[in-house]
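Heads up: the sequence shown at position 46 corresponds to 46 in the UniProt record's numbering, and the numbers run straight through without jumps.
The hints are simulated quantities; they were obtained by calculation from the structure and are not laboratory data.
Where a beta carbon is used, it is the ideal one built from N, C-alpha and C, also for glycine.
Incorrect hints may have been included.
Distance ranges between label pairs, derived from CB positions [claimed, not checked]:
1. Glu385 / Pro361: 22 to 28 Å
2. Pro94 / Pro447: 33 to 39 Å
3. Glu373 / Ala305: 42 to 48 Å
4. Pro77 / Glu424: 18 to 24 Å
5. Leu302 / Val75: 51 to 57 Å
6. Ser457 / Ser78: 44 to 50 Å
7. Asp123 / Asp367: 52 to 58 Å
8. Leu302 / Ala454: 30 to 36 Å
DSSO-like, lysine-lysine: derived pairs with alpha carbons at most 27 Å apart [stated by the list, open to error]:
9. Lys453 / Lys463
10. Lys349 / Lys406
11. Lys307 / Lys380
12. Lys406 / Lys380
13. Lys391 / Lys349
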Amino acid sequence: MSEATEQSQAPEAPATTKQAPVAAPQGSSSQAFTSLRSHTRTPSITLLPEAYQDPEAYLLDNRFHKSLKFRPSFVEPSAPAHRLTYAVAGSTDPEAATLLWLNGLGGNRMAACFLDGICDEHDVRIISIDRPASGGSTPVPLARRFEWTHEAVVALLAHEGITTFSILSHSNGELYTLYFLLNLQPRLTVLEWVASSPFVPPWLSGSIPLSIARWIPSQATGSLGGLLSGIMKAESWSTGTASGLLAFSGGLSSGLANVSTGLAQGWAKGGGIEPEKEEEQAEEQALKRGDSQEKKFIQFALRQAEKEPHKKAFGGRYYPPELFSIGLSWVLAEGLDAWGEEALVCLRKGDGARWGWGEGPEGEPVDEQLLFERGFGDLKIKLEEEARPTKMSVWFGEEDGLIPPKGRAYLRDLLVERLKLVTEDDWHTIPDTGHDQTLSLDCMLVPLLRRVKASTSAHEEAKRARA
1 MSEATEQSQA
11 PEAPATTKQA
21 PVAAPQGSSS
31 QAFTSLRSHT
41 RTPSITLLPE
51 AYQDPEAYLL
61 DNRFHKSLKF
71 RPSFVEPSAP
81 AHRLTYAVAG
91 STDPEAATLL
101 WLNGLGGNRM
111 AACFLDGICD
121 EHDVRIISID
131 RPASGGSTPV
141 PLARRFEWTH
151 EAVVALLAHE
161 GITTFSILSH
171 SNGELYTLYF
181 LLNLQPRLTV
191 LEWVASSPFV
201 PPWLSGSIPL
211 SIARWIPSQA
221 TGSLGGLLSG
231 IMKAESWSTG
241 TASGLLAFSG
251 GLSSGLANVS
261 TGLAQGWAKG
271 GGIEPEKEEE
281 QAEEQALKRG
291 DSQEKKFIQF
301 ALRQAEKEPH
311 KKAFGGRYYP
321 PELFSIGLSW
331 VLAEGLDAWG
341 EEALVCLRKG
351 DGARWGWGEG
361 PEGEPVDEQL
371 LFERGFGDLK
381 IKLEEEARPT
391 KMSVWFGEED
401 GLIPPKGRAY
411 LRDLLVERLK
421 LVTEDDWHTI
431 PDTGHDQTLS
441 LDCMLVPLLR
451 RVKASTSAHE
461 EAKRARA
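The task is simple: from the sequences and hints, build the whole structure.
Here you go:
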């Protein structure tokens, strides 16, 4: 339960090369900008999106540095309160549809900056959290990670005055979402659960990299964050480009697989398929040339116009390539220790690594083959018994190297054929797409946000009709 709240003061940004805000282009180019929607929150002479004008100042916005204190139910009453750090981005309308983002293994609240613009455009508010030991959130034992996250989110929702919302999970964020829904309080209503590249454990998916990772000693797996932090610093990741959203938002799931096979330096390759080389090279060249923000913006639009619909990305419409490198510097400065802990829980390794359903008393043998079946089966029962309106949809990349075809087929059979939690129409496979690329594509994000907004509007209309 939330005891006290605090508004975080954004810390000093990591050192980067600062660019001054830019003015709108002159002549014929300026006409192209007159039709663009401005995402600035203060008057400006430019119509470029806010993140283009001054990326460092944009990331210093308090929206990305919020926090609250609460006391989890499992700590003594006399123990210090715990802290949750989080971001609230997208629409600033308090009545807007709300999307809670439970991100993947490398998730961090700062990833909300990448979905800020597109959510704002679709009038959706998005909330992203730091799980235990990430950002400024309080560390907890492995056995308490799911329980802590559930109670922290409940405290956050109460603080923000939210009772009706939808959930976007990515990769192993699916595990946290399932726990959250299995323990959902009556006063809270979840309208949509959109699962992006949902995790399937190696004992069900047959994933060779994850199977190998599972047999690596727990101490080595728990050190994943430190290992990747060292690699990124040694490889000068401060010069990364916007295509790095793949890694920033959840790509450490890919990193876990790659570390296990000695390919740690490839952790940002999107879980089986590399980001499009032309796009990545174009962004790098723009940074090296020192192109103006207007030129970066226009070149991104021209590149996307030539792509097939399922390959069109939205990032450059809202933020410049350098935003990723600045944001990643921030995350590295805060520390990556939580990423190793996430890997342990994800693979059920280490002392007390539990998911919180279908396991029985701690210490008793667990039939891991049945954990997913029991968890989703219990969810179906809960939704039906409580007449919950929650609808679930799934998005996978066809080239997902972390969740191979066997794992996707297992999950589809469970959710679509056997439990009917997901309809045929709500199971989506995107061609030429890897594990962490789903979240960067228009073909997923636009229909997702429209659906969240439509579900919220329909729910509110139904409430008014009953009143």
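Going down the list of hints, with the structure as the test:
| no. | hint | verdict |
| --- | --- | --- |
| 1 | Glu385 / Pro361: 22 to 28 Å | holds, 25 Å |
| 2 | Pro94 / Pro447: 33 to 39 Å | violated, 25 Å |
| 3 | Glu373 / Ala305: 42 to 48 Å | holds, 45 Å |
| 4 | Pro77 / Glu424: 18 to 24 Å | violated, 50 Å |
| 5 | Leu302 / Val75: 51 to 57 Å | holds, 55 Å |
| 6 | Ser457 / Ser78: 44 to 50 Å | holds, 46 Å |
| 7 | Asp123 / Asp367: 52 to 58 Å | violated, 45 Å |
| 8 | Leu302 / Ala454: 30 to 36 Å | holds, 32 Å |
| 9 | Lys453 / Lys463 | holds, 15 Å |
| 10 | Lys349 / Lys406 | holds, 23 Å |
| 11 | Lys307 / Lys380 | violated, 39 Å |
| 12 | Lys406 / Lys380 | holds, 23 Å |
| 13 | Lys391 / Lys349 | violated, 31 Å |
The structure fails to meet hints 2, 4, 7, 11 and 13 from the earlier list, while all remaining hints are met.
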